[in-house]
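**Student:** Sequence:
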Amino acid sequence: MKSLANNFLLPLPDQDGSYFDGSLTYICTHGEMGASGLIVNRPTKIDLNKLFELVEIKKSMKTAPQVYEGGPVEMNAPSVLHTNDVMVEGSIDLGHGLGLTLPVEDTEFHSMLERISGDDGPQKYMVMLGYAGWHQGQLDKEINDNVWLTCPGSHELLFETPVGRRADEAARSIGIDLHLLSGDSSGYA
631 MKSLANNFLL PLPDQDGSYF DGSLTYICTH GEMGASGLIV NRPTKIDLNK
681 LFELVEIKKS MKTAPQVYEG GPVEMNAPSV LHTNDVMVEG SIDLGHGLGL
731 TLPVEDTEFH SMLERISGDD GPQKYMVMLG YAGWHQGQLD KEINDNVWLT
781 CPGSHELLFE TPVGRRADEA ARSIGIDLHL LSGDSSGYA
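Counting from 1 along the sequence shown, just add 630 to a position and that's the residue number in our numbering.
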C-alpha cells in the first residue's frame, strides 16, 4: 500500500464506541515500520497558557488556543504539529509544508513552546498530548478491513476549519456525507 502520510483517517460508522469514534486523524508517518498520527478534532480542557505554566514558561497568551488530545498512546507526551515556516533543532519536516516537534530532547520542544509564547513561532500550529500509532502493517490491514476512510490532507482542514466541522469537511472532500453513513447493515439482505 502507498504511504498514507499527509492524509486524514475517518472511522467508519461501525466503529461506534471505539476510542476513535467521531475522530479525524492526520497521518504524520506511514511506512514499513508502521504509522503514526494525531487526532485533530479533540480539544482538551487544557489551554496553552496552562501548558506554559506546567513547563515553566513565564509568558502567557491573551487568547490561548486549546491543547488537543492527539491519541491514546503516551497521552501525557506533548508535540506540536505546525507549518514548517519555523523549525527548531529536532523538528521533523513532514513535507507538504508541515513540521512536527516532539519532546525528544526537552530543550528542543521547550524552544518551540518559547517561540510560540513569544509570538515568533510557526504561523499555524496545534499543540497535542498523545498520539495514535499502528505497528507494521496494522493500518494497512484496518483500511483493507473497512475500518477507515482516507481523505487527502489539507492545511485548511487542520488550521482553519472549526474543530466541530473538521470530520464532516474531510468526508465532504471525498464526496461523502457522514450523516448518511450507517454501521447498520441489517436492513440489507
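For the record, the hints were derived by calculation from the structure and aren't laboratory data.
As the structure is a prediction and not an experimental result, all values here were calculated from the model.
A hint or two may mislead.
[As the list claims (entries may be wrong)] Estimated spans, in silico, between C-beta atoms of each pair:
(1) G661 x Q753: 21 to 29 Å
(2) E683 x M631: 41 to 49 Å
(3) D807 x E738: 25 to 33 Å
(4) G748 x I804: 33 to 41 Å
(5) T693 x T780: 15 to 23 Å
(6) K692 x I804: 16 to 24 Å
(7) S633 x K692: 19 to 27 Å
(8) K692 x H765: 37 to 45 Å
Cβ atoms here follow ideal geometry from the backbone N, Cα and C, with glycine treated the same way.
**Student:** All hints are to be evaluated individually against the structure, with a verdict given for each.
**Tutor:** Each hint, compared with the structure:
1. Between G661 and Q753, the C-beta spacing of about 28 Å keeps the proposed range 21 to 29 Å intact.
2. Here the CB-CB span from E683 to M631 is close to 43 Å, well matched to the stated 41 to 49 Å.
3. For the pair D807 and E738, the supplied restraint of 25 to 33 Å is violated, since their beta-carbon distance comes to about 42 Å.
4. Take G748 and I804: their Cβ atoms lie about 39 Å apart, and the range 33 to 41 Å holds.
5. T693 and T780 have their C-beta atoms about 34 Å apart, which leaves the hinted 15 to 23 Å range violated.
6. Between K692 and I804 the C-beta distance comes to about 38 Å, which lies outside the given range of 16 to 24 Å.
7. Restraint check, S633 to K692: a C-beta distance of roughly 39 Å breaks the suggested window 19 to 27 Å.
8. Checking the proposed 37 to 45 Å range against K692 and H765 shows it holds: the Cβ atoms sit about 42 Å from each other.
In summary, the structure is inconsistent with hints 3, 5, 6, 7 from the numbered list given earlier, while agreeing with the others.
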